[in-house]
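Engineer: Take a look at the letters that make up each chain.
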Amino acid sequence: MAALKHFLLRAFITLLFLAVPVLGVWTFVEAKDWHLWFPETISSYGGDIDWLFYVILWMVTVTFIATELLLVWFVFRYSRRDATRATYTHGNHTLEMVWTAIPAVLLIVVAFSQMRAWTEVKIHFPDQGPYTVQKPLMEIYASQFDWRVRYPDAQGNFEGPDVIEVPYDITVPVDTQVVFRLKSRDVLHSFFVPVFRLKQDAVPGMAIPVWFEAKKTGDYDLICAELCGWGHYKMAGRIHILPKDQFDTWLAAKRAALYATE
Amino acid sequence: MIERRHRRAAFLAAAALSSTACSFQPGAPELHYSLNRAEVEKNQQLADDPIAQTKLEGALQMMFGTPKAPGFLVLPEWSGDKFDPNYWGEDHVHADAAAWSALVESNRAHFRTQLAALREGRFDALDRPRFADDLWERWLRKRERIAKDGPDAKGDDGTLREDAIRDFEEYYPTLANSAAFYRNQCYHCHGTDGGGNGTTGPWLNPHPRDYRRGIFKFTALKGKARPRPEDLFRTLAEGIYTTAMPSFRRFSDAQLHGLADYVRLLAIRGETEILLESFYDPDKGFDFDVLKENYSDVVGRWREASEHYIAFEGKIPEMTAERIAHGRSLFSTPGEKGGANCVSCHGPAGRGDGPSVWAPGKEGVEYAKDDWGNQIQPRDLTRGVFRFGRRPIDLYRRIYAGINGTPMPEHFGMTITEDGKQRTMNESDIWDLVFFVRSLGSQTEVASAGGAGHEGGAR
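Here the protein sequences come in this chain order: P and C.
Going by my numbering, 188 is the number at position 188 of the first sequence; the sequence numbering is gapless.
Going by my numbering, 400 is the number at position 400 of the second sequence; the sequence numbering is gapless.
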């Protein structure tokens with residue numbers, strides 16, 4: 001009777017531990033249906049970022065499942081029993097070498113495989129297209145608590161009476177390498193466009209170059225990803241992606257509207 | 001192992017924590033409009049009479065409702081010209097074809113998932129939109145009818161489905177709905193009564209606007225007029241740059257128009273209240289004639305706002321070096337020498353550091369204050385940041401009519417002396433000032449030649 005009770009307790013605790021990997025994996029399998037997964041990717045480099053994410057996710061998944069199952073097995077197999085005595089072990093040199101070497105190799109793989117994406121997004125800025133670091137399409141100003149975009153005047157100046165300032169709506173052309181300068185007027189903010197897989201901090205006093213190429217037209221969310229004060233929650237914007245010719249018309253209309261008199 | 005006495009301490013701490021957690025009841029506080037204390041204190045007879053104050057609260061509630069159920073009292077004489085302030089904004093937007101079609105377009109974008117579901121007949125798949133409870137309740141009633149009679153049964157104006165689509169496309173929030181929306185988005189700075197005294201208010205510089213005087217800084221109007229619905233809408237949509245007032249473009253046009261309507265209710269309520277408080281006479285009390293007179297005066301002021309619009313017909317003149325130089329001369333010549341006197345507040349280089357905004361007082365420096373009692377900060381014109389728009393026409397209107405509630409005066413018609421002759425400032429002079437101000441923030445050759453100083457101008 002006591003043995004049965006003991007077995008049931010062991011089984012119960014084992015199942016409890018087993019629930020962790022089962023629920024963990026299940027969350028990921030179901031995430032898409034619960035609308036918890038990534039939004040679509042519409043930037044040129046979004047696929048690379050996602051690929052890196054999946055590489056790491058699979059590494060972690062395999063490790064997670066293996067270690068969890070091992071843990072569950074140990075919980076079941078080596079739970080306290082009256083008849084057995086604990087043994088003392090000095091450890092196993094080979095085993096320790098293996099479990100140090102494998103993660104080291106994995107980390108080196110991760111470190112090297114991300115370099116290309118990192119250089120592409122953050123270091124090598126487009127220099128062939130219409131917009132470059134020297135001649136960006138726009139400047140985006142973050143301030144407590146909204147986003148404002150500034151387009152240069154017809155001569156390409158970002159200062160002066162004829163620059164165009166628009167709150168909230170950041171309008172850009174599709175299929176174009178868009179370079180812009182990110183600035184902050186007050187504190188740290190972070191420019192985060194989930195569909196681009198792009199996140200860049202805005203730092204007061206710095207004009208940080210950022211680039212993306214949108215592959216699809218439409219309206220997408222821009223949010224602030226750095227807690228910037230009491231109104232952080234309301235610091236939203238919209239990326240409004242237009243076909244190239246429509247973008248040119250839009251910009252020309254904005255320039256003309258500057259001199260409207262209504 | 002934890003020692004026994006420690007264990008007891010830990011137990012007590014846990015008990016204390018859990019008891020505070022249990023006693024915390026987050027329920028929403030009772031909402032009500034309060035009297036404007038500062039104004040009550042100004043009238044000693046009212047300040048000493050709590051019964052009269054209660055009567056005043058009741059009278060205001062009769063005229064403007066409560067935060068949960070706001071609404072204007074409709075005076076009989078308004079029925080003649082079909083004016084109902086409860087539908088003020090909606091009627092106004094409806095009358096302007098461009099604004100109405102922008103509103104419908106914006107609703108179509110805002111409710112696109114709901115409209116797609118309606119068109120495809122997925123009536124149970126509609127998501128409840130945020131901050132549109134009035135619309136949702138209307139839809140729920142319609143859904144019941146659709147479930148009973150089918151979507152193609154005859155509704156009020158077409159089939160039930162067409163009616164429902166129109167409800168979403170032509171959505172315009174009620175005052176009660178906008179009040180709830182206001183409490184979600186505006187309340188924590190502007191306060192329940194619109195007194196600029198929300199919980200975040202004291203920590204902001206500049207302070208959030210106190211609507212209760214009916215004075216709004218940024219309008220396209222002259223003569224210190226009350227703002228038009230468009231003016232309030234624009235402030236909501238564009239925000240006021242370099243202040244804590246953000247752009248609310250992420251909401252639909254209808255929602256912003258609704259907020260403007262509610263802000264107008266708060267402002268009219270506040271202004272009526274101040275009038276009733278300052279002219280309180282114990283012999284007359286708050287009888288209906290007194291209330292009606294003040295109330296219809298205030299509403300009248302808001303109704304006639306559009307008559308004060310500063311229209312500018314034709315094309316904006318060319319910005320030339322001569323015009324900028326003339327603007328510079330008007331700007332930098334002090335009032336006593338017959339100039340426009342801008343230099344006295346905005347400083348010789350336009351940096352907002354002129355001598356008139358502060359004076360040595362008994363206890364150190366005393367700064368000039370605006371109508372709300374906040375310290376004046378003249379705009380630094382060299383930064384190119386203009387709070388209510390950087391278009392030439394925006395600057396033109398700022399200079400033309402001044403800024404309500406601040407010492408920035410109306411310039412149109414101001415007397416100036418040039419070449420020994422006295423005359424009044426005209427539109428052309430104002431444009432010259434606009435061009436000079438616009439040149440200050442830029443690196444164009446015209447502006448940098450000789451700096452913006454008093455002496456360096458190309459006269």
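Careful: at least some of the hints might be erroneous.
Below, a list of computed lysine-lysine pairs in the DSS-like style, where the Cα atoms sit at most 25 Å apart [to be verified]:
#	chain 1	residue 1	chain 2	residue 2
1	C	Lys315	P	Lys254
2	C	Lys68	P	Lys234
3	C	Lys292	C	Lys224
Calculated from the model, a selection of chain P residues having no Cβ within reach of chain C, i.e. all distances over 12 Å [claimed, not checked]:
#	residue
4	Phe7
5	Ile56
6	Val60
7	His93
8	Asp146
9	Val163
10	Val166
11	Gly229
12	Met235
Some, not all, of what chain C presents toward chain P, calculated at C-beta under 7 Å [claimed, not checked]:
#	residue
13	Arg383
14	Arg387
15	Gly389
16	Ile393
Hints were generated in silico from the structure; no laboratory data involved.
For every residue, glycine included, the Cβ atom is placed at its ideal position computed from N, Cα and C.
Engineer: Kindly indicate which numbered hints from before are broken by the structure, ordering the numbers from low to high.
Structural biologist: Result: hints 8, 9, 10, 11, 12, 13, 14, 15 break, sorted rising.
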